[in-house]
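Quick note, the sequences are listed as chains A and B, same order. Using the numbering used here, the first residue of the first sequence is number -12, and each one after it goes up by one. Using the numbering used here, the first residue of the second sequence is number 4, and each one after it goes up by one.
Hints may be right or wrong, so weigh each one.
[Said to hold, decoys possible] Derived SDA-like pairs (lysine to any residue); straight-line CA-CA distance at most 20 Å:
#1 B:K11 to A:S275
#2 A:K258 to B:R61
#3 A:K226 to B:D140
#4 A:K213 to B:G100
#5 A:K278 to B:D75
#6 A:K258 to B:K57
Hints in this document: simulated from the structure, not taken from any laboratory.
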Amino acid sequence: MSKALKINKGIEEGIIDFLEFLIQGGKIRGVFTLKKMNENGAVAYSLITSLDELKKAVPFYPFMPVNAGKVLSSFTLRAATEEPVAAVLRPCELRAFIELAKRVQGSLDNILLISLTCGGVYPLRSLKNGDLKNHLSSYWETVKKAEIDPETRPTCQSCEDFIPQLADMTVATAGMKDIDKECVILLNTLKGEEHAANAPGNIITEKVENGNIEKLQKLREEKKKKLFEDFDSNHAHPKDFIKTFAACVGCHACSHSCPICYCTLCDFDSKTCEYQPQSFTSELGQKSGLKVPPGNIFFHLGRMNHMAVSCVRCGMCSDVCPVNIQVATVFSRVGDSLQKVFNYIPGRDVEEPVPSGTYKEEEFTEFGEQ
Amino acid sequence: MNSQNLPKIVGFLCTWCSYTGADLAGTARMKIPAAIRVIRVMCSGRIDPLFVLKAYLRGADGVMMMGCHPGDCHYQKGNYNTRRRFVMLQNILDTLGLEKERISLWWISASEAPRYAQATNEFTEKISKMGPNLLHDEIFL
Chain A
-12 MSKALKINKG
-2 IEEGIIDFLE
8 FLIQGGKIRG
18 VFTLKKMNEN
28 GAVAYSLITS
38 LDELKKAVPF
48 YPFMPVNAGK
58 VLSSFTLRAA
68 TEEPVAAVLR
78 PCELRAFIEL
88 AKRVQGSLDN
98 ILLISLTCGG
108 VYPLRSLKNG
118 DLKNHLSSYW
128 ETVKKAEIDP
138 ETRPTCQSCE
148 DFIPQLADMT
158 VATAGMKDID
168 KECVILLNTL
178 KGEEHAANAP
188 GNIITEKVEN
198 GNIEKLQKLR
208 EEKKKKLFED
218 FDSNHAHPKD
228 FIKTFAACVG
238 CHACSHSCPI
248 CYCTLCDFDS
258 KTCEYQPQSF
268 TSELGQKSGL
278 KVPPGNIFFH
288 LGRMNHMAVS
298 CVRCGMCSDV
308 CPVNIQVATV
318 FSRVGDSLQK
328 VFNYIPGRDV
338 EEPVPSGTYK
348 EEEFTEFGEQ
Chain B
4 MNSQNLPKIV
14 GFLCTWCSYT
24 GADLAGTARM
34 KIPAAIRVIR
44 VMCSGRIDPL
54 FVLKAYLRGA
64 DGVMMMGCHP
74 GDCHYQKGNY
84 NTRRRFVMLQ
94 NILDTLGLEK
104 ERISLWWISA
114 SEAPRYAQAT
124 NEFTEKISKM
134 GPNLLHDEIF
144 L
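Produce the entire structure from the sequences given, and follow the hints as far as they go.
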């Protein structure tokens, strides 16, 4: 049970009202959220300080043009924001931001984190021809009923971590029947309670569990299990993995869109991994042929080694793939299994070290001693 | 075993323990399989998982990572990092259906020449039984 702020308006209007209240009262200087860019349904993350601009904000628009964790990190990279800012982001984006903060790529200070119980987002492709706009009403219907929208990203459909962990405020959407009429903002932290003081609306006690949430969690768990089982049965032979990535054109868009891949110069874009003319010759001495440009499988396996343990399963990589490879399924499958080995959940705690950057003396003692 | 079916094994040996151990095995004229190609690194912590992946993808039949026993690292903690990286790498390969048995980790101290001989022989035998790396003829890598 925690305190909650109930505003008697639909969630989309309600949250704007609340953000307006925060800006007007001087509690925050600006808002980081999605804003409408045109009438066709295009949205982009924006930093908004004026109330006029705030009217165009659409915080819960089911679309992720870029993982917000990555953007938040870019403007808190050197230091925390000087003036307080509220950020509205999805649970996986929040997890990504926390993973980045752990890697000293951003700061959580001075940011009021507002998240939601997430119903998922539509793939980037759905924006074409304004398709997404037509889906919106059915999207909110499925959210109300706590069902899975089959048009959302496959990672969203199989995401069981849709309840934000470290947010100051959580807007209840999934399984809430009355989101057209009321906006319930759960205040998870003291910071959240302080910001909500004197806000328009009533303070009530509410909890994130509402019966429907558990149902949705179960549905998603089943979906995830099925997805992973299919993946496993399709990847029994060493050559299966190569087939999965057979269409890869080596554009590295998956890495560029990945919130965890923060390196300014990626190992795989650098000279280290560049093929010199003599490398072609030497490799051809060993093999009967060589795919050019080479190194796609090496890139994916290597990238997995670098970031899969922190994979937040946002699904950006699948979405940006020009040849439609389900990159996110592969990475989330590997990430899931790695995270189990280290009992690690990305974005669970800012203080928890990343498994690949730490060790314990008394672990895995059976290795190396055979 | 003739040179036709002799596997290709790449070994990454830490200079302080395993390489010295290997040296001792040589001095003591122990029998070391010709399958193994030794690469000396300053510490097993220097073995970037990408080295191992590259060897595997380019067709090495097996990869051995060798370092000092836990607690004995010349740089205090290099081999603890190696151990985590090895666990991660094996887990990734296993999840993807790639042959995780082809990579291995061994702790071999500077005085353990017989252990070095035993490790290389055992691993070569195991890899010979597994047959050639299926990715050797794969050109899409």
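K258 of chain A and K57 of chain B: Cα distance at most 20 Å?
The hint holds at about 15 Å.
CA of K11 of chain B to CA of S275 of chain A, is that 20 Å or under?
17 Å, holds
20 Å limit on alpha-carbon distance, applied to hinted pair K213 of chain A and G100 of chain B:
Answer holds: K213 of chain A to G100 of chain B is near 18 Å, not above 20 Å.
Is it true that the CA of K258 of chain A sits at most 20 Å from the CA of R61 of chain B?
Distance ~19 Å between K258 of chain A and R61 of chain B Cα, so the pair holds.
Does D140 of chain B lie within 20 Å of K226 of chain A when you go C-alpha to C-alpha?
11 Å, holds
Check whether the Cα positions of K278 of chain A and D75 of chain B lie no farther apart than 20 Å.
43 Å, violated
When the structure is compared with the earlier hints, a violation turns up for hint 5 alone.
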